[in-house]
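**Q** For reference, the chains in residue letters:
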Amino acid sequence: MPEDVGAGADLDASARQDELAAALADAQLQLDEERLAHARTGATLGALFASMTDLVVVADPRGVVTQASAAAADLLGVTPDELEGRQVQDVLPTDLDVSLWALRTAHGGRLQVELDLRAADGHRRAVSLSASVVEEPVSGKVTGAVYVARDLSRTQQLVAELAAAEHRATLLADVSGLLSAAASPDRALQAVADRLAGEAAVAVALLLLDGPSVGTVVASDDALEAALAGLVGRAPEPPTLLAAAIDGATPVRTRHAAGGLLLGVPLPSSLAGGATVVPMASSGQPIGALVLVAGHGDLPVATADVAEQVAGRIAPAIAAAQLRETVAAMERLHHDRQVREELLSALSHDMKTPLTIIGMLSEQLAARDVDDDARSEMLVVLRRQARHLRRLVLQFLDFVRSQAGHDLGLRLAPVDPLAVVHTVVGTLESSGRVEVHVDGAIPLVQADDDRLEQIVANLVDNALKYSPSASTVRLEVTTTRDVVRLAVVDHGPGIAPERLTQLFAPFERGPATDAAEGTGIGLYLTRRMVDAHGGHLHVASRPGEGSRFEVTLPVAGEVGP
Amino acid sequence: MLLLVDDSPDIRFTFATVLRRDGWEVETADSGEDALALFDPARHDVLVVDYSMPGMDGLELIARLHERPDAVPVVLFSAYLDDTVAAQAKELGAAVVAKSDYARLPKALRELAGDG
Numbered sequence: 037m038p039e040d041v042g043a044g045a046d047l048d049a050s051a052r053q054d055e056l057a058a059a060l061a062d063a064q065l066q067l068d069e070e071r072l073a074h075a076r077t078g079a080t081l082g083a084l085f086a087s088m089t090d091l092v093v094v095a096d097p098r099g100v101v102t103q104a105s106a107a108a109a110d111l112l113g114v115t116p117d118e119l120e121g122r123q124v125q126d127v128l129p130t131d132l133d134v135s136l137w138a139l140r141t142a143h144g145g146r147l148q149v150e151l152d153l154r155a156a157d158g159h160r161r162a163v164s165l166s167a168s169v170v171e172e173p174v175s176g177k178v179t180g181a182v183y184v185a186r187d188l189s190r191t192q193q194l195v196a197e198l199a200a201a202e203h204r205a206t207l208l209a210d211v212s213g214l215l216s217a218a219a220s221p222d223r224a225l226q227a228v229a230d231r232l233a234g235e236a237a238v239a240v241a242l243l244l245l246d247g248p249s250v251g252t253v254v255a256s257d258d259a260l261e262a263a264l265a266g267l268v269g270r271a272p273e274p275p276t277l278l279a280a281a282i283d284g285a286t287p288v289r290t291r292h293a294a295g296g297l298l299l300g301v302p303l304p305s306s307l308a309g310g311a312t313v314v315p316m317a318s319s320g321q322p323i324g325a326l327v328l329v330a331g332h333g334d335l336p337v338a339t340a341d342v343a344e345q346v347a348g349r350i351a352p353a354i355a356a357a358q359l360r361e362t363v364a365a366m367e368r369l370h371h372d373r374q375v376r377e378e379l380l381s382a383l384s385h386d387m388k389t390p391l392t393i394i395g396m397l398s399e400q401l402a403a404r405d406v407d408d409d410a411r412s413e414m415l416v417v418l419r420r421q422a423r424h425l426r427r428l429v430l431q432f433l434d435f436v437r438s439q440a441g442h443d444l445g446l447r448l449a450p451v452d453p454l455a456v457v458h459t460v461v462g463t464l465e466s467s468g469r470v471e472v473h474v475d476g477a478i479p480l481v482q483a484d485d486d487r488l489e490q491i492v493a494n495l496v497d498n499a500l501k502y503s504p505s506a507s508t509v510r511l512e513v514t515t516t517r518d519v520v521r522l523a524v525v526d527h528g529p530g531i532a533p534e535r536l537t538q539l540f541a542p543f544e545r546g547p548a549t550d551a552a553e554g555t556g557i558g559l560y561l562t563r564r565m566v567d568a569h570g571g572h573l574h575v576a577s578r579p580g581e582g583s584r585f586e587v588t589l590p591v592a593g594e595v596g597p
Numbered sequence: 259m260l261l262l263v264d265d266s267p268d269i270r271f272t273f274a275t276v277l278r279r280d281g282w283e284v285e286t287a288d289s290g291e292d293a294l295a296l297f298d299p300a301r302h303d304v305l306v307v308d309y310s311m312p313g314m315d316g317l318e319l320i321a322r323l324h325e326r327p328d329a330v331p332v333v334l335f336s337a338y339l340d341d342t343v344a345a346q347a348k349e350l351g352a353a354v355v356a357k358s359d360y361a362r363l364p365k366a367l368r369e370l371a372g373d374g
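For the record, the sequence lines run as chains A and B.
When the letters of the first sequence are read in order and numbered with my numbering, they come out as residues 37 to 597.
When the letters of the second sequence are read in order and numbered with my numbering, they come out as residues 259 to 374.
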C-alpha cells in the first residue's frame, strides 16, 4: 500500500507543514506581542526616565552607561546623550569609587551613601546615592548596575531654612513670653536683652524714651550699660545713628560701632564691630530703640533681621505695660479716694453713737430734777463715751497719717501692760463681759501707752462686738523670757481660714458687716501699731468656736549698770 | 410699757433715761434672742429695736415678731441705717428712726401708740 503510504505520507507532510505554519504564525504573533510589550516597556521606561526627579543611571556589565534620566543630566550639567556610552565612574564624579567593579568587590554589590557630586560647572552637589549590581535571577550572571542619586542640596537648604525659621520662632516666642511674664517692664527688658545677646553673641541694649529724652537704659553687657547711662536724661541728637533711626523710624546699620557716632556716647573698646539700631514706636510715636553691637567684625545680617522682629514684639509690650501702669496709677488714686470717702462715712457713723449719747445725756443733766445717783451714773457714761469718741478720732488721725506714708510717731517708754489693761477694761461699756487673767509677774514693756491702750481696746471691742452678748471675752496677760503676751479670746462665730489673710486690710469687716458697726480700720491700725512696737499680732480662729488674737511685745530693756 | 432692745449698755441707759422722763415705762433687753424671750404682748405696747446687734439683728427680730398674731408696733433705730434695711423694716410694718435723730423718737412713739 505504497500509494496509500505515499498518499498518507504526503498527507502527513502537508499536515505537518500546516502545523508548523500555524505554530510559526503563533510564534510570530507572540513575538509581535512581545515586541509590542517591549516597545511599550521601552516607551514607559523612556517616559519614566524623562520624568524622574532623581538621577537614574543604568550601566551594562562593563560599567558603560546605557540609559540616564533627564534629572541626571540636570544634576550633572550635561544632556542624557552625553552620558550614554561613558564609564559610570566618569559620569558620577565623586571622591568615592563607584565603578561597577568597586560596587561588586568593595561594596558587596549594594551601596547606600550620601556624598558630593562634582557637576560639570565645578559645583558640588550633595546627593544621596543608591547603587546596586543587577544579576540574572538563576545564573547570578551580572547584567549591569543601576545608580540612583537624589539631589540633597535643596533638601538641605530647606532643612536649614526650616531650622532657622524654627529657631527664630522660638526666639520670638521666648521674647513674647519674657515680655509678658516678667514682674516689671524693666525686668522684662533686661530678660529680653540677655536672651537676644545669648542668641547672637553680641551686646544688646534697650533704650526707652521718656518724652524726648532717654529715660531707661537696659543692656546685656555691663560695660555697655555703664556707657549708655550717660545718655539718660538727654535727647538723642543728630548726627548719631540713634537719632537717625528714631527720627527716620527705620533701622540703621553700621559696620563700625567705635566712636560716639552710634549713640552719642563712646562705647567700650570691647565693642567695635558692626551694629544696628532698630527704632521702636507705638501708635506712630517713638518709644525707644533696640541696639545690637558686635564685639568685632560684621553683625550677621540674620541677626540684624531678627533684631528688627524682636523690636516689633517689644514695642507693643512696652506700650501695653505703660498703659497698664497708667491705669493702675489711676485705679490706685481712685481706690485711695474711695477708701478715704468710705472711711469718712464709716467714721461719721461710728461717731454718731457717742455723740448721740453725749448730746442726750448732757440735755438730761441740764434738767433740775435729776437726783445725785442718776447724775453720777450719767457722768460715768458721758466720760466713757467721750473717751470712745477720742479713740475714734485718734484712729482716724492715725489712718490719715498711714495713708500719707507717715509712721505713727510712737513715744516709747517702759509701760506697765497691766495698768493699760485695767484702764481699758475700766472704761468698757460691757466690762462685765471681760475676764482678765494674769499669769506670773508681768514685766514692763517698751511701748507708747496711748497706742498700747488703743491696741488692747480695739481687740477687746472687736471681740465683744463679734460675739454673743451673753458670752464672755477672756483677756490673758502672760510672759515668757523677753516678751509679754496679751491674748484676747472670744466665743464668737470665728473666722473662716480664707478670710484670715485679708483680716488686717483696711475696711475689712466681719461677715456680720451689715449689722456690726465699725469703720473696718480697727484691725488694720492695730496691726500697724503692734508692728511699730516691734511686736507681733497673731490670730488663730476656729469657725463656730471663736477667735484668739494675740499680741507679743518686747519687754523693756534692762537699764544698764 | 416700752421694750428697748440694744446690745450697748450705754445706749440702753441713755435712751431708757430719756424715754422714762418722757413718761414711758421702760424695760430693756440686750439682744434679739433676749427680747423674744422677754416679749409679752400683754405688757408691752411698743418695741424700740436697734438694728446692729451680734447674733439676731434688729431686722430679724422684727421679722420674727411680725409672724406673731399678737404683734405690737415696732420702731427700728440705728446709727447704721441704709436704705435697703429701712425699706425692709417698713415692709414689715416698723417705723424707722436714726439714733442721731433721737429727738424724733418720742413723737414717733406717740404716733405709733396712738395708732395701735
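In short, the hints are calculated from the structure, not lab data.
Heads up, the beta-carbon is just placed ideally off N, CA and C, and yes, glycines get one too.
Possibly wrong hints are sitting among the right ones.
In silico DMTMM-like pairs for lysine to aspartate or glutamate, Cα to Cα no more than 25 Å straight-line [stated by the list, open to error]:
#1 A:Lys388 x B:Asp280
#2 B:Lys365 x A:Glu399
#3 A:Lys388 x B:Asp288
#4 A:Lys388 x B:Asp341
#5 A:Lys388 x B:Glu318
#6 A:Lys388 x B:Asp328
#7 B:Lys348 x B:Asp359
#8 B:Lys365 x A:Asp405
#9 A:Lys388 x B:Asp268
Computed from the model, here is a short list of chain B residues facing chain A with C-beta under 7 Å [what the hints assert, rightly or not]:
#10 Glu285
#11 Thr286
#12 Arg368
**Q** State for each hint whether it applies.
**A** Results of checking the hints against the structure:
1. A:Lys388 x B:Asp280: Roughly 22 Å separates the two Cα atoms, so the pair holds.
2. B:Lys365 x A:Glu399: 17 Å, holds
3. A:Lys388 x B:Asp288: It holds: about 20 Å lies between the C-alpha atoms, which stays within 25 Å.
4. A:Lys388 x B:Asp341: Given pair Lys388 (chain A), Asp341 (chain B) holds - Cα atoms ~17 Å apart, limit 25 Å.
5. A:Lys388 x B:Glu318: Between Lys388 (chain A) and Glu318 (chain B) the Cα gap is close to 23 Å, so the pair holds against 25 Å.
6. A:Lys388 x B:Asp328: 34 Å, violated
7. B:Lys348 x B:Asp359: Since the Cα atoms of Lys348 (chain B) and Asp359 (chain B) sit roughly 17 Å apart, the hinted pair holds (cutoff 25 Å).
8. B:Lys365 x A:Asp405: 23 Å, holds
9. A:Lys388 x B:Asp268: Holds, at roughly 13 Å.
10. Glu285: Nearest chain A Cβ about 16 Å off; hint violated.
11. Thr286: Constraint on Thr286 (chain B) not satisfied, violated at 12 Å.
12. Arg368: 18 Å, violated
Of the numbered hints stated above, those contradicted by the structure are hints 6, 10, 11, 12, listed in ascending order.
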